[in-house]
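Number of protein chains: 2
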Amino acid sequence: MSTVTSIRTVDIRFPTSIFLDGSDAMNPDPDYSAAYLVVETDSDDGLAGAGFVFTIGRGNDIQSNAIDVLAQRFIGRDVEELLGNMGATWKEMLHDSQLRWLGPEKGVIHMAIGAVINAFWDLRAKRAGLPLWQHLATLSPEEIVDLIDLRYLSDALTREEALEILRAGKVGAEERIAELLERGYPAYTTGPGWLGYSDEKLERLAREAVADGFTQIKLKVGADIDDDKRRLAIARAAVGPDFRIAVDANQRWDVDEAVEWMSQLAEFDLAWIEEPTSPDDVLGHAEIARRLAPMPVATGEHVQNRIIFKQMLQAGSLEVLQMDACRVGGINENISILLLAAKFGIPVIPHAGGVGLCETVQHLSMFDFVAVSSTMDGRMIEFADHLHEHFVTPASIVGGRYQTPTAPGSGAEVLPASIDEWIFPHGSGWIEIEASGGTR
Amino acid sequence: MSTVTSIRTVDIRFPTSIFLDGSDAMNPDPDYSAAYLVVETDSDDGLAGAGFVFTIGRGNDIQSNAIDVLAQRFIGRDVEELLGNMGATWKEMLHDSQLRWLGPEKGVIHMAIGAVINAFWDLRAKRAGLPLWQHLATLSPEEIVDLIDLRYLSDALTREEALEILRAGKVGAEERIAELLERGYPAYTTGPGWLGYSDEKLERLAREAVADGFTQIKLKVGADIDDDKRRLAIARAAVGPDFRIAVDANQRWDVDEAVEWMSQLAEFDLAWIEEPTSPDDVLGHAEIARRLAPMPVATGEHVQNRIIFKQMLQAGSLEVLQMDACRVGGINENISILLLAAKFGIPVIPHAGGVGLCETVQHLSMFDFVAVSSTMDGRMIEFADHLHEHFVTPASIVGGRYQTPTAPGSGAEVLPASIDEWIFPHGSGWIEIEASGGTR
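Those sequence lines, one after another, are chains Z and Y. Quick note on numbering: our numbering labels position 343 of the first sequence as 380, and the sequence is numbered without any gaps. Quick note on numbering: our numbering labels position 405 of the second sequence as 442, and the sequence is numbered without any gaps.
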């Protein structure tokens, strides 16, 4: 038996706004950040669990504080009991009768719950000696369904339907694991498309994406229609007619505006329009999807929980579901979203534009391939090529495909030296930026 | 000219769980709490602005921290400029390009924005020497529309439509102000119906509600169908056949379960079923409303923002809109919700079961009567009779009607002695409870 001895929360911020990595129509100057926690125990194994919420700068302190306050309840608790019943551990936070008032199941408190349970998942997978995707795939259908919360979902997905999907997923799972380990999982890249990049940089990066073996790139749109047309023409010329180009408006428009704007870009033969309007607007997305058909609508990185995803699937709001590793209430809720998507036959292509998202979402997509949808058809994982060097087990892309992780854990662990450098506001990197008169 | 000199945030909690005030099917043991802030300036007038987020206990520290971090940006700023352009002051927080990642526009960060702008509204109304409802009614239609954010609403409400509603509201406004000051505004009471109360207490309080001049009571339901039937029979016998009884499930059910449960209670001739399912479930509410018709569905106390309300109005999810003073992004967003409700012809009957909610929502309903819907038909304000003694200008009920407040401000200001007693965890009241072996 071992007990939780410490849960340390750290506000880590990277100065990405200086280089305009990650800039889009709604997020002009992000400092990619992680409200990060580490769970330590008194076990002889020396293993710790890492989890985080991705944010884009200001407010990372608010998110870190929420994680810190929430997590303290686990200090001194029995680790085997917590890890042995991850459904109960999660629901203890999710259903706390007083805390739920802060959501319920949305925003800062919900993301904090996700970070804490994900840290326990990281620890559990490390103890099992498996990468998280593979560890999850060892669970029985019943064990998996016991992890999730079907409340508010039963009009779209019952427990029995979830079990059927997971039982079907057991057939051929070993072959799919072998395929994953051999071939990896397809990726697309957002690298060329950030709004703050020059035309030259866009063109160069688009050509590189093709050369690197990606089969899709994504461009940010929505700030200026003429810029969008010019940049899409450059990108289309660079990648050729048969290469997929998606675009992302990052919630920029109202319904009519989205339809009008995107109608002007249809000539570029786009793979999807992402986040055309508010992530809360199920009916708005559905109307945009109807009016822009056959252009697919994609959304999800800001969708707060399984209940909004359920409705988007019911209403036909999306044709590509882009869940995020940190937005909802952790691995447990992500599994319920994978099951919903499988029920509706919609591909999940996770959001990964941020710090640590590539490292973590790959486990979700790979678990989906092995145990839920059982297919890679129409599936990819987003890849944004920055900040990987700060992780103990960085995501790795070869020939446009994620290399399947084999190291134990969830991929969330940040290098100690990176924490020392970028802990905010007193890390050595921030002190240096301040000394040199940097923008922060 | 004056500047903001301090913004102080206080974690205030009242030990209501000891007496089961406020208990319902999802919130069995609330400690009614306020994440409270006070904005002070260096003006000679000595006025301060108060605002708060209502929570039910644990997590009030998380909410207080969020307010504190958010509000610091206003220290040293020009008060007249901040108060003179309340739309810009609000949008500076709402549209912060980094902070919005924590929502967007939902949960802890959004409620924090609401508390901060509401504190500025309190200060502004005090400076104007008017109660907030009346101060808002002095604004022109254009000034009011400039306060709100129409983004994501234009498929349901355009700027021009909002202006038309407000221009129509100017007609007869003076007469309605006079009527309000003379007669007050109708209330209903949730006092008898908390789930933790005994049958005897329920019956006694139901009789008292009739005697006190209320025309509606509300009972919590959803924990046990037999209990619900017994309690409704007791209540119906106590109040007689012509008195309105509403019920409130506090998000207890899935869609089918809501329909089945409520079909069994239809014989009690209910005024509405409130929060039958998740506040995020626009489509679920709509289906419940269709299948339970003509029994009205009410919801809103947990609806996160104007975008969900818009969809609920579009989809027919509710027949009574129960917005809250603290859930959304403050007075500014509440005004946009009043306008949406007026556009769709749906009555707003605000949620007020909590601490300080009666004191603050009355201003919203009274402003609605004077300037937006221009009617009290089918309108009421919830009244829950506890904790009013902690406020400088407590809500007052006479003959089942809210007495129209005439004191300057928003009603949010808490007495200094109450703060000293119930600041958590070191207020004198909490120290006493701990010393006596209380439940906290």
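Among the hints, a few may not be true.
For identical chains, the list gives no copy identity; a pair is met inside one copy or between any two copies.
[Stated by the list, open to error] Result set (SDA-like, lysine to any residue): computed pairs, CA atoms no more than 20 Å apart in a straight line:
| # | residue 1 | residue 2 |
| --- | --- | --- |
| 1 | K380 | D293 |
| 2 | K128 | A274 |
| 3 | K128 | A260 |
| 4 | K128 | G113 |
| 5 | K207 | A270 |
Think of the hints as simulated: they come from the structure by calculation, not from any bench.
Here is how each hint holds up against the structure:
no.	hint	result
1	K380 with D293	between (30 Å within a copy, 19 Å between copies)
2	K128 with A274	neither (51 Å within a copy, 40 Å between copies)
3	K128 with A260	between (41 Å within a copy, 19 Å between copies)
4	K128 with G113	within (19 Å within a copy, 43 Å between copies)
5	K207 with A270	neither (45 Å within a copy, 52 Å between copies)
Violated hints, in rising order: 2, 5; the structure is consistent with all others.
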